[in-house]
Amino acid sequence: MTWLNIVIQGALVGGFYALFACGLSLMFGVMKVINLAHGDVAVVAGYTAVFLAPKFGVSPLWSFVVVVPVFALLGYVVQRTLIQKSIDRDPFTTLLVTFGLSVLIENLLLEVYTANGQSINIGSLIGSSFQLSSTIYISYVSLVVLGVAVAVLGALQIFLGHTKTGRLIRAVSDDREAAQLSGANYRHIFGIAAGIAFATVALAGIAYGMTTEFAPSSGVTNLIYAFEAVVVGGIGSLWGTLVGGIAIGIAQQLGEHINPEYQVLAGNLLFLVVLAVRPNGLFGKKTAPS
Amino acid sequence: MPLLQLEHVSKKFGQVVVADDINFELEEGEAVGIVGPNGAGKTSLFGIISGDVRLYGGQIHFVGQALERMHPSVRCRSGIGRTYQVPRPFENMTVFENTLVGSQQGAVLRGRKSHEAAFSALERTGLSSLANRAAGSLTLMQRKRLELARALATQPRLLLLDEIAGGLTDLEVTELTGIIRSINAEGVTILWIEHVVRALLSTVDRLLCLASGALVADGEPRAVLASEAVRRVYLGDRILNEAMDS
Chain A
1 MTWLNIVIQG ALVGGFYALF ACGLSLMFGV MKVINLAHGD VAVVAGYTAV FLAPKFGVSP
61 LWSFVVVVPV FALLGYVVQR TLIQKSIDRD PFTTLLVTFG LSVLIENLLL EVYTANGQSI
121 NIGSLIGSSF QLSSTIYISY VSLVVLGVAV AVLGALQIFL GHTKTGRLIR AVSDDREAAQ
181 LSGANYRHIF GIAAGIAFAT VALAGIAYGM TTEFAPSSGV TNLIYAFEAV VVGGIGSLWG
241 TLVGGIAIGI AQQLGEHINP EYQVLAGNLL FLVVLAVRPN GLFGKKTAPS
Chain B
1 MPLLQLEHVS KKFGQVVVAD DINFELEEGE AVGIVGPNGA GKTSLFGIIS GDVRLYGGQI
61 HFVGQALERM HPSVRCRSGI GRTYQVPRPF ENMTVFENTL VGSQQGAVLR GRKSHEAAFS
121 ALERTGLSSL ANRAAGSLTL MQRKRLELAR ALATQPRLLL LDEIAGGLTD LEVTELTGII
181 RSINAEGVTI LWIEHVVRAL LSTVDRLLCL ASGALVADGE PRAVLASEAV RRVYLGDRIL
241 NEAMDS
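Protein chains in written order, with my numbering: chain A, 1 to 290; chain B, 1 to 246.
It should be emphasised that the hints constitute simulated quantities derived from the structure, not laboratory data. Keep in mind that the hints are not guaranteed to be accurate.
Residues of chain B placed beyond 12 Å of chain A at every Cβ, according to the derived structure [as the list claims (entries may be wrong)]:
| no. | residue |
| --- | --- |
| 1 | ASN23 |
| 2 | GLY47 |
| 3 | ILE80 |
| 4 | ARG110 |
| 5 | ARG181 |
| 6 | SER212 |
| 7 | GLU220 |
Distance ranges between label pairs, derived from CB positions [claimed, not checked]:
| no. | chain 1 | residue 1 | chain 2 | residue 2 | range |
| --- | --- | --- | --- | --- | --- |
| 8 | A | LEU269 | B | GLU175 | 42 to 50 Å |
| 9 | A | PHE159 | B | ASN132 | 15 to 23 Å |
| 10 | A | GLU261 | B | LEU140 | 39 to 47 Å |
| 11 | A | LEU61 | B | PHE13 | 29 to 37 Å |
| 12 | A | ASN259 | B | LEU140 | 56 to 64 Å |
| 13 | B | GLY57 | A | GLU111 | 49 to 57 Å |
| 14 | B | GLN65 | A | THR221 | 51 to 59 Å |
| 15 | A | LEU96 | B | ARG181 | 51 to 59 Å |
| 16 | A | LEU61 | B | SER128 | 48 to 56 Å |
| 17 | B | ARG69 | A | ALA155 | 23 to 31 Å |
| 18 | B | ASP21 | A | ASP88 | 28 to 36 Å |
| 19 | B | GLU220 | A | GLN157 | 51 to 59 Å |
| 20 | B | LEU171 | A | LEU269 | 54 to 62 Å |
Here are the computed lysine-lysine pairs in the DSBU-like style, where the Cα-Cα straight-line distance is at most 30 Å [what the hints assert, rightly or not]:
| no. | chain 1 | residue 1 | chain 2 | residue 2 |
| --- | --- | --- | --- | --- |
| 21 | A | LYS85 | A | LYS164 |
| 22 | A | LYS85 | B | LYS12 |
| 23 | A | LYS164 | B | LYS12 |
From the three backbone atoms N, C-alpha and C, an ideal C-beta is built for every residue, glycine too.
Chain B on its own, in the form it takes in the complex:
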């Protein structure tokens, strides 16, 4: 049974189509990247899976369970963790308290176990020395790490990463991809939207490309990036034809 299964998923905001009959499956333990130009519907797709955005048509199954009518908090508790493109820590709480919310609510752990899980998420993301710092005072890199730590503390089976490498230096991207690879190596399935293609290529073994809400490519990362469909999406038909002619 696939871990996640999307069948004919569609969504419109008014007349704007953000998901146009999307079909794909994720197997447990996979690391899959999503690329696509701005406005392709990538973040909306994450919203549809995590429950932020209500589905318009189609079906989503997670471990065989239908997600359409499931509350976002229940989706999280059943194993779907998510980070935001712009980190959204609980600013008035400490770094540790942020992950504690994840371990107590998402992973439904109690007492000492919840504290251990929260601290372990901080250790894995290199934030343990900042545990008592107010989340509102963190730098961008630290916020991105905290975003990842809070999602990890919910003990997800599927982790949705939304442009977590955006805005970071090369060194920071390398550090972060190392952490993500180790999370995937432990069996957590990764679905990762990213514009920093270098980061994706070092981590994922499959790549999806979205354009105008539709899935235009799905396969081995380098083959997908080299495909005409993807080049057309990024460069447009005219530029592509000119390039082919010259």
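Excised from the complex, chain A in its bound form:
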């Protein structure tokens, strides 16, 4: 039963990692940009839900209805201004720019909201769970987050596969110059992809704030887990990101079961093993050697 509990709790945590990571995977897949500020965007969404949304009469529980679209727009604007300019230079510039953005966001949050932990108040929902067996309890909130992650990844998969804009995102991801000479404005498409990435990570940030306390530095920690989920699942595969997130979650639960100090280490070990054995991840496409 203990093993089953490890798998279940790991899968629940993994759902959150996948939700957090899908935007990272999308931005890398489409624009080849590793957004080092990805985690900080989630934290900003959390702070927005706690402090700003109530000022406009929106309860923290329902804040995602406002925060997610606002972050989608923010993603589009940040892409078209800051990130696009760095893409036009070279890949290292995008790393430096997003790293700078991450440092800036974290320090601004520290300045304005201090290092004290915050959380999104969802009342009695936070502790409520149902009992699967005598030793296995499942948190309603974690289950909803896993459900949201599956729904978001499924919706993204359908969007990319069957809509005009989704098709364009895949086209510019394959060859942006050829797409441009077929009439597509790839900068606009990059903006849309970044908008989706920011929206999904804002949702993840709010989900995080509902399940645990967060602080300005939480973004970096979660970015590492999200990055591991993307690499373990295979870059460019959304379902791979879900499986990668769940695999990292289960590894962490297993590590914690052996010794609470091994929780993070176990996830990192899985990441290293996958990198060594299957560098393209569990579902990633094999790339021909150059």
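Dock chain B against the given chain A, drawing on the hints supplied.
Chain B only, in chain A's frame:
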């Protein structure tokens, strides 16, 4: 009004001149070939017209409209289609989806019309039976056809073909030139860079020759190929003089 007009077009990459004061015009419905040795600036010229390469000096007009500040995607939508020397299909998409990007973005068609235009481009290039195949799995000939189909799906008035016959067998070249002739017969203006001269001669009614970024000949294809300027470009002065002496 000419369809395409290049006036004093110049471009340098560092100290390398790829376009040296190029002037020519294309009338609607013409089929024009471009020859020239490797490094003559042929592909760069296509880049300048399609917007891949930024102009250094001079002017380009397409249907009277200045192109210099026009975004490449807008140039495509206004009627300039282009193929690449090395085919660049969207590998992770199906053959049909590749042409659909062209019909929806380049030709700005919606719904059923965009699907019909995309499928029609596949039919004209003999790819309709492969519509659902992943573009990444195609052979070289099929990729060249897809390159042409995707450009056709944008419904161009001017089609820039970059060595589309290169690397194909004689039979495949004959098939492809047949398709290109039929496209031209429907009124699409063709500007075609090609090393396979046989393919060009069967299709174009005018030939340009580029060397070191400059336009050295422009006229009736056989006359251009026989001209001293072109022979000098390909053979060099010394070999030409030796040939003349012997």
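Structure-based check of each hint:
1. ASN23: holds, 24 Å
2. GLY47: Given a closest Cβ separation of 10 Å, the condition is violated.
3. ILE80: violated, 8 Å
4. ARG110: Check fails; 9 Å does not lie beyond 12 Å.
5. ARG181: The assertion about ARG181(B) holds, with a minimum of 23 Å to chain A.
6. SER212: Nearest chain A Cβ is 26 Å from SER212(B), so the label holds.
7. GLU220: holds, 31 Å
8. LEU269(A) x GLU175(B): 42 to 50 Å: This hint is violated: roughly 57 Å between Cβ atoms.
9. PHE159(A) x ASN132(B): 15 to 23 Å: holds, 20 Å
10. GLU261(A) x LEU140(B): 39 to 47 Å: violated, 57 Å
11. LEU61(A) x PHE13(B): 29 to 37 Å: violated, 58 Å
12. ASN259(A) x LEU140(B): 56 to 64 Å: holds, 58 Å
13. GLY57(B) x GLU111(A): 49 to 57 Å: holds, 51 Å
14. GLN65(B) x THR221(A): 51 to 59 Å: holds, 54 Å
15. LEU96(A) x ARG181(B): 51 to 59 Å: holds, 53 Å
16. LEU61(A) x SER128(B): 48 to 56 Å: For SER128(B) against LEU61(A), whose Cβ atoms are near 53 Å apart, the range 48 to 56 Å holds.
17. ARG69(B) x ALA155(A): 23 to 31 Å: With Cβ atoms ~39 Å apart, the hint is violated.
18. ASP21(B) x ASP88(A): 28 to 36 Å: Because 29 Å falls inside the window, the suggested range holds.
19. GLU220(B) x GLN157(A): 51 to 59 Å: holds, 56 Å
20. LEU171(B) x LEU269(A): 54 to 62 Å: holds, 58 Å
21. LYS85(A) x LYS164(A): holds, 26 Å
22. LYS85(A) x LYS12(B): Answer holds: LYS85(A) to LYS12(B) is near 24 Å, not above 30 Å.
23. LYS164(A) x LYS12(B): violated, 38 Å
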